[in-house]
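Generate the whole structure from the sequences, applying the supplied hints.
Here is how the chains run, residue by residue.
Protein chains: 2
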Amino acid sequence: MSDQTAPVSLEEFNHRLAEISETMPKRLRQCAEFVAQNTDRIAVSTVAELSIGAGVQPSAFMRFCQLMGFSGFSEMQKMFRETYAQKWPDYATRLENLRATGDDSPSALLAEFVEAGRLSLENLASTVDLKTLEKAVDVLAAAPMIHVVGFRRAFPVASYLSYAFEKMDIAAVLHDGVGNLNPRHAIRTGDVVIAITFAPYSQETIDLAAYAHDIGSQVVAISDALSGPMRKTDALMLSVSEVDVGAFRALSATISLAIALAVSVGAKRDKLAYGK
Amino acid sequence: MSDQTAPVSLEEFNHRLAEISETMPKRLRQCAEFVAQNTDRIAVSTVAELSIGAGVQPSAFMRFCQLMGFSGFSEMQKMFRETYAQKWPDYATRLENLRATGDDSPSALLAEFVEAGRLSLENLASTVDLKTLEKAVDVLAAAPMIHVVGFRRAFPVASYLSYAFEKMDIAAVLHDGVGNLNPRHAIRTGDVVIAITFAPYSQETIDLAAYAHDIGSQVVAISDALSGPMRKTDALMLSVSEVDVGAFRALSATISLAIALAVSVGAKRDKLAYGK
DNA sequence: TATAAAACAGAATAAATATTCCATTCATGG
DNA sequence: CCATGAATGGAATATTTATTCTGTTTTATA
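For the protein sequence lines, the chains are A and B, in the order given. In terms of the working numbering, the first sequence is residues 1 to 276. In terms of the working numbering, the second sequence is residues 1 to 276.
Careful, some of the hints might be misleading.
[What the hints assert, rightly or not] Over 12 Å on every C-beta distance to chain B, these chain A residues come out as not near it, computed from the model: (1) E22; (2) D207; (3) R231; (4) M237.
[As the list claims (entries may be wrong)] Cut-off 20 Å, straight-line C-alpha distance, at most; resulting in silico cross-link-like pairs (SDA-like, lysine to any residue): (5) A:K167 - B:A247; (6) B:K135 - A:A108; (7) B:K135 - A:S107; (8) B:K78 - A:D40; (9) A:K232 - A:G216; (10) A:K167 - B:D244; (11) B:K268 - A:G246; (12) B:K271 - A:S107; (13) A:K232 - A:G246; (14) B:K167 - A:A199; (15) A:K26 - A:Q37; (16) A:K167 - B:A199; (17) A:K78 - B:G53; (18) B:K78 - A:T46; (19) B:K78 - A:R81; (20) A:K131 - B:K271; (21) B:K167 - A:Q203; (22) B:K268 - A:S105; (23) B:K131 - A:A108; (24) A:K167 - B:R152; (25) A:K167 - B:Y201; (26) B:K167 - A:D176; (27) B:K78 - A:G53; (28) A:K135 - B:S105; (29) B:K268 - A:A108; (30) B:K78 - B:T5; (31) B:K78 - A:E49.
No wet-lab data here; the hints were simulated from the structure. Each residue gets a CB set at the ideal place from its N, CA and C atoms; glycine is no exception.
Rendered as structure tokens:
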């Protein structure tokens with residue numbers, strides 16, 4: 001049993017887990033990994049189920065609980081059940097009420113988009129590729145100039161990125177297609193291009209990304225699938241799957257990812273500047 | 001025990017509950033009401049706890065479970081635990097993990113924006129003024145031409161609205177400020193203006209809305225507060241409060257509201273067209 | 001390689017929890 | 001107002017689930 005006091009929140013729990021899982025013996029580390037991957041199940045499972053999941057004996061799982069600072073499994077589960085209860089406000093009910101009025105009434109549609117946005121965000125949180133995201137931030141933070149391109153439904157994302165960069169005094173150009181000028185000559189070797197495009201992919205965006213790649217510029221792509229036409233450009237692919245409502249999507253996840261990317265770049269630049 | 005088969009989803013469960021709770025004896029109705037109010041707790045509670053909550057004996061609660069079509073409490077709880085697992089695709093955990101790495105790491109920022117977006121959406125669902133929303137839809141559906149205006153951080157919203165209108169073959173103009181032309185002469189009496197602006201309010205947007213109001217056009221405003229400079233224009237005010245992350249916001253709620261508005265207008269126009 | 005300490009699996013036990021049963025109370029129709 | 005059946009409360013029981021214990025295996029150390 002551990003001499004430390006038991007975690008009382010998910011934060012503390014995760015912190016503790018990260019802290020000690022390094023030094024755990026084999027079976028207990030199995031438990032730690034399984035728990036880290038399936039935290040959500042703890043509240044509603046038995047020791048037997050969890051230990052099978054982790055591939056260990058129930059007794060091993062018990063030792064794990066004790067190492068984490070709890071007196072046993074029950075106490076640990078209690079914590080998870082309590083924190084779970086807080087999570088549900090009456091949001092679900094509100095949504096029901098919005099929906100209640102009819103199929104294509106404004107409020108029903110709003111409810112759909114709100115729920116789609118929420119699902120997309122939750123999905124984003126669990127599927128985003130952190131490695132690639134960090135790499136993209138590094139690349140962008142070092143770029144002498146950032147080119148942002150995205151048309152049609154990707155355009156709002158592109159314009160918001162530009163706004164964010166501008167606000168943080170980061171050199172960036174939004175390629176907005178005004179005047180049908182050929183924008184590629186503005187891109188110099190070493191510049192970085194952020195290309196945003198969703199199926200059906202717009203040709204201008206693909207062309208610009210391909211050109212950038214040809215002249216040796218790095219491309220960061222925000223798209224709705226890992227494959228797709230951006231593959232060829234060796235882009236750092238950030239994929240987002242948005243939940244559709246009919247023929248439209250709310251862009252919540254995409255915009256969140258974009259703004260997080262932009263702000264991260266800003267933060268990184270500050271750090272580099274102070275580092276010098 | 002009921003002769004009917006047991007519900008296998010939350011929907012079925014709720015339906016059944018509504019159906020039979022009318023005709024239940026006193027104690028069992030207490031159970032029904034408590035369960036309806038605390039659906040979320042079932043997965044993580046014991047019969048004893050729930051029956052105390054409902055103010056009945058455990059045996060009464062058992063009878064309730066059987067009336068609902070389950071063999072007993074365990075089976076009912078099983079259903080809730082299973083649907084819970086889907087609803088909770090360890091989103092909370094992932095978010096924790098994202099956050100765990102550090103304060104301004106990309107993943108931590110992303111987690112912040114995702115959470116901010118989620119909160120904003122939930123907030124939107126419970127605070128939006130449905131009356132005004134429906135009125136706005138009516139007005140826009142009848143407009144010969146829709147003008148969309150919004151600059152700086154409102155511009156992504158404005159551009160997405162235009163995209164949606166275009167896709168639905170609805171006549172709309174995006175006033176994007178290119179060329180610094182004075183756009184007001186494009187607005188005719190009877191046209192409707194959608195003005196999007198957040199504090200600090202951009203002068204161009206306010207001016208355009210004021211002009212539109214002067215010539216007798218209706219204004220629909222999407223903004224972050226009910227008061228603010230749009231008040232004077234007699235606008236239909238749709239207010240959205242977004243949760244900020246530092247100096248930025250993810251726009252999730254605003255965009256969701258905007259797209260719901262646009263699609264509603266599209267649906268309404270279809271209805272009017274078929275009606276004729 | 002020998003030895004001690006730690007980790008482990010599996011079975012045995014303890015505790016918690018669900019479920020049933022039955023005596024009592026309450027409501028309903030004659 | 002009584003008789004009958006439904007509804008109820010509470011305790012007894014059955015079942016599930018957590019926890020501990022012990023002999024064995026693995027691992028680290030000298």
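Hints, one by one, checked against the model:
1. The Cβ of E22 of chain A sits about 14 Å from the closest Cβ of chain B, beyond the 12 Å cut-off, so the non-interface label holds.
2. For D207 of chain A, the requirement that its beta carbon stay farther than 12 Å from each beta carbon of chain B is met, with the minimum near 21 Å.
3. With 12 Å as the threshold on Cβ separation, the claim that R231 of chain A sits away from chain B holds: the shortest Cβ distance comes to roughly 23 Å.
4. With a cut of 12 Å on Cβ distances, M237 of chain A stays outside the contact zone with chain B, its closest approach being about 15 Å.
5. Taken as a hint, the K167 of chain A and A247 of chain B pair is honoured in the structure, with Cα atoms around 9 Å apart against an allowance of 20 Å.
6. Only pairs whose Cα atoms come within 20 Å are accepted, and K135 of chain B paired with A108 of chain A is accepted, the gap being roughly 15 Å.
7. The hinted pair formed by K135 of chain B and S107 of chain A meets the criterion: a straight-line CA distance of about 12 Å does not exceed 20 Å.
8. Distance hint between K78 of chain B and D40 of chain A is fulfilled; the C-alpha atoms sit about 15 Å from each other, no more than 20 Å.
9. Taken as a hint, the K232 of chain A and G216 of chain A pair is honoured in the structure, with Cα atoms around 13 Å apart against an allowance of 20 Å.
10. The straight-line distance between the Cα atoms of K167 of chain A and D244 of chain B is roughly 15 Å, inside the 20 Å bound, and the hint therefore holds.
11. Restraint check for K268 of chain B and G246 of chain A: satisfied, since their Cα atoms lie roughly 15 Å apart, inside the 20 Å limit.
12. Simply put, K271 of chain B and S107 of chain A have alpha-carbon atoms about 16 Å apart, close enough for the 20 Å limit, and the pair holds.
13. Between K232 of chain A and G246 of chain A the alpha-carbon distance is near 31 Å, which puts this suggested pair outside the 20 Å criterion.
14. Proximity of K167 of chain B to A199 of chain A is assessed by CA-CA distance (about 15 Å); at most 20 Å being required, the pair is judged to hold.
15. At roughly 17 Å between alpha-carbon atoms, K26 of chain A and Q37 of chain A fall within 20 Å of each other, so this suggested pair holds.
16. Between K167 of chain A and A199 of chain B the alpha-carbon distance is near 15 Å, which keeps this suggested pair within the 20 Å criterion.
17. Restraint check for K78 of chain A and G53 of chain B: the C-alpha separation of about 18 Å stays at or below 20 Å, so the hint holds.
18. This hinted pair checks out: K78 of chain B and T46 of chain A have alpha carbons roughly 12 Å apart, not beyond 20 Å.
19. Restraint check for K78 of chain B and R81 of chain A: the C-alpha separation of about 15 Å stays at or below 20 Å, so the hint holds.
20. About 48 Å separates the Cα atoms of K131 of chain A and K271 of chain B, which puts this hinted pair outside 20 Å; it is violated.
21. With a C-alpha separation of about 18 Å, the suggested pair K167 of chain B and Q203 of chain A falls inside the 20 Å cut-off, and the hint holds.
22. The hinted pair formed by K268 of chain B and S105 of chain A meets the criterion: a straight-line CA distance of about 9 Å does not exceed 20 Å.
23. Pair hint K131 of chain B plus A108 of chain A holds up; C-alpha atoms about 13 Å apart against a cutoff of 20 Å.
24. The suggested pairing of K167 of chain A with R152 of chain B holds, with an alpha-carbon distance near 10 Å, which does not exceed 20 Å.
25. Between K167 of chain A and Y201 of chain B, the direct Cα distance comes to roughly 16 Å. Compliance with the 20 Å bound is thereby established for this hinted pair.
26. Between the alpha carbons of K167 of chain B and D176 of chain A the distance comes to roughly 19 Å, so the proposed pair stays at or under 20 Å and holds.
27. A hinted pair counts as satisfied when its Cα atoms are at most 20 Å apart, and K78 of chain B with G53 of chain A qualifies at roughly 18 Å.
28. Between K135 of chain A and S105 of chain B the alpha-carbon distance is near 12 Å, which keeps this suggested pair within the 20 Å criterion.
29. The hinted pair formed by K268 of chain B and A108 of chain A meets the criterion: a straight-line CA distance of about 13 Å does not exceed 20 Å.
30. With a C-alpha separation of about 15 Å, the suggested pairing of K78 of chain B with T5 of chain B holds against the 20 Å cut-off.
31. With a CA separation close to 13 Å, the supplied pair K78 of chain B and E49 of chain A stays within the 20 Å bound.
Violated hints for the displayed structure, listed by number in ascending order: 13, 20.
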